[in-house]
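Peer 1: Residue numbers (the working numbering), protein chains in the order written: chain B, 12 to 161; chain Z, 12 to 161.
Simulated from the structure, these hints should not be mistaken for laboratory data. There could be a bad hint or two in this list.
Each pair may be met inside one copy or between any two copies, as identical chains are not told apart.
What the hints assert, rightly or not - In silico PhoX-like pairs for lysine-lysine, Cα to Cα no more than 25 Å straight-line:
(1) Lys17 with Lys160
(2) Lys150 with Lys160
(3) Lys85 with Lys141
(4) Lys92 with Lys160
(5) Lys17 with Lys150
(6) Lys17 with Lys92
(7) Lys156 with Lys17
(8) Lys92 with Lys156
(9) Lys160 with Lys141
(10) Lys17 with Lys141
(11) Lys85 with Lys17
(12) Lys160 with Lys85
(13) Lys92 with Lys141
(14) Lys92 with Lys150
(15) Lys150 with Lys85
Nothing here was measured: the structure is a model prediction, and the numbers come from that model.
If you want the building blocks of each chain, they are given just below.
2 protein chains.
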Amino acid sequence: MEITNKQMRVTIEGQSESATKINLRAGRFSMIIDEPAPMGGTDEGPTPVQVLLMSLAGCLSITGHAVAQQRGLKLNDMHIKIEGAMNPCAFMGISFDERAGFQEINVTIDANFDGASQEEQEAWLDETEKRCPVTDNIKDSTRIKLTPKY
Amino acid sequence: MEITNKQMRVTIEGQSESATKINLRAGRFSMIIDEPAPMGGTDEGPTPVQVLLMSLAGCLSITGHAVAQQRGLKLNDMHIKIEGAMNPCAFMGISFDERAGFQEINVTIDANFDGASQEEQEAWLDETEKRCPVTDNIKDSTRIKLTPKY
Numbered sequence: 012m013e014i015t016n017k018q019m020r021v022t023i024e025g026q027s028e029s030a031t032k033i034n035l036r037a038g039r040f041s042m043i044i045d046e047p048a049p050m051g052g053t054d055e056g057p058t059p060v061q062v063l064l065m066s067l068a069g070c071l072s073i074t075g076h077a078v079a080q081q082r083g084l085k086l087n088d089m090h091i092k093i094e095g096a097m098n099p100c101a102f103m104g105i106s107f108d109e110r111a112g113f114q115e116i117n118v119t120i121d122a123n124f125d126g127a128s129q130e131e132q133e134a135w136l137d138e139t140e141k142r143c144p145v146t147d148n149i150k151d152s153t154r155i156k157l158t159p160k161y
Numbered sequence: 012m013e014i015t016n017k018q019m020r021v022t023i024e025g026q027s028e029s030a031t032k033i034n035l036r037a038g039r040f041s042m043i044i045d046e047p048a049p050m051g052g053t054d055e056g057p058t059p060v061q062v063l064l065m066s067l068a069g070c071l072s073i074t075g076h077a078v079a080q081q082r083g084l085k086l087n088d089m090h091i092k093i094e095g096a097m098n099p100c101a102f103m104g105i106s107f108d109e110r111a112g113f114q115e116i117n118v119t120i121d122a123n124f125d126g127a128s129q130e131e132q133e134a135w136l137d138e139t140e141k142r143c144p145v146t147d148n149i150k151d152s153t154r155i156k157l158t159p160k161y
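When you get a sec, could you build the whole thing from the sequences and use the hints?
Peer 2: Structure, rendered in structure tokens:
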């Protein structure tokens, strides 16, 4: 990660080890993404769509704590549960009647404040949603440019 | 993960441990998301935006291998590098002139085939992009419903 002139650049790399397992690296951190056995995988890590939802939970948590601090609210901790439903037919190449990804993402946020009114909590949540980078990239369309190396 | 009647339901949970650190769980897998010290964090895990890009790399890899197999192409492995640039001002609450998330996501795919022509590889990449669930959720807008618990 590099911050210059109000631009933060983020880079990650991945190398597939099998049809379902990929070894990923972001700076000094590594992770494995895989599929469970019923999907033909070796179940050595979470699936890509689980990791997508984890990135959203992490971003809402960090943004939520930052917004609370700036608003002078005492936020002790947040518990976040995220659920999504998708039709795997497009991924499998069976049909394209429904989109490939989640049709909708449902987030339940249990934020534990000391002494914040419901109005303060509503304003906090609105601002958190607006400032959360991962929420923005999922909620509004984001250009993905694929460049193959031949 | 539960597949019923062409609906696959995916659930994850997270619990914040500090303003920047969150412990996440997806099935039997856990991970930590955090921020580096210059962002006020404890650098115990990748950042949310790094994890977003890792989910995309994982999904492109798994989808790419599935598409190659169905097309009868011998794909040995894929190396994927993803870069994104964002202006952190919206996240920080300083200004909203630019969106909170990545302005664009650049993916370089180095797919190592045995004996596939460039035309076959181009058709493979088009289909991979179309069938990749995480690509779909980022590229096209996806509704995120936030439900607070008061």
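Peer 1: All hints, please: hold or fail.
Peer 2: Structure-based check of each hint:
Taking identical chains as interchangeable, the C-alpha atoms of Lys17 and Lys160 are never at most 25 Å apart, the minima being 30 Å within one chain and 35 Å between chains. In this assembly of identical chains, Lys150 and Lys160 lie within 25 Å of each other by CA distance solely across copies; the values are 21 Å between and 30 Å within a copy. In the homo-oligomer, the alpha carbons of Lys85 and Lys141 lie at most 25 Å apart inside one protomer (20 Å), although the nearest pairing across protomers, at 44 Å, exceeds that limit. Taking identical chains as interchangeable, the C-alpha atoms of Lys92 and Lys160 lie at most 25 Å apart only when they sit on different chains, with a minimum of 11 Å there against 39 Å within one chain.
Taking identical chains as interchangeable, the C-alpha atoms of Lys17 and Lys150 lie at most 25 Å apart whether they share a chain (23 Å) or sit on different chains (24 Å). With identical chains, the CA atoms of Lys17 and Lys92 are at most 25 Å apart between copies only, with a shortest distance of 23 Å across copies and 32 Å within one. In the homo-oligomer, the alpha carbons of Lys156 and Lys17 lie at most 25 Å apart inside one protomer (22 Å), although the nearest pairing across protomers, at 30 Å, exceeds that limit. Proximity of Lys92 to Lys156 under the C-alpha cut-off of 25 Å is restricted to the inter-copy arrangement: shortest distance 12 Å between copies versus 31 Å within a copy.
For a Cα distance limit of 25 Å, the shortest separation of Lys160 from Lys141 across copies, 19 Å, qualifies, whereas the shortest one inside one copy, 36 Å, does not. Taking CA atoms no more than 25 Å apart as the test, Lys17 paired with Lys141 passes inside one copy only; the shortest distance there is 18 Å, against 33 Å between copies. When the C-alpha separation of Lys85 and Lys17 is checked against a cutoff of 25 Å, the pair qualifies neither within a copy, at 29 Å, nor between copies, at 43 Å. For the homomeric pair Lys160 and Lys85, the shortest alpha-carbon distance between copies (16 Å) is at most 25 Å, but the shortest distance inside one copy (50 Å) is not.
Proximity of Lys92 to Lys141 under the C-alpha cut-off of 25 Å is restricted to the intra-copy arrangement: shortest distance 19 Å within a copy versus 28 Å between copies. Within a single copy, Lys92 and Lys150 get their C-alpha atoms as close as 17 Å, and across copies as close as 23 Å, so both meet the 25 Å cut-off. In this homomeric assembly, Lys150 and Lys85 never come within 25 Å of each other (Cα to Cα): the closest approach is 28 Å inside a single copy and 36 Å across copies.
Taken one by one, the earlier hints fail for this structure at numbers 1, 11 and 15, listed in ascending order.
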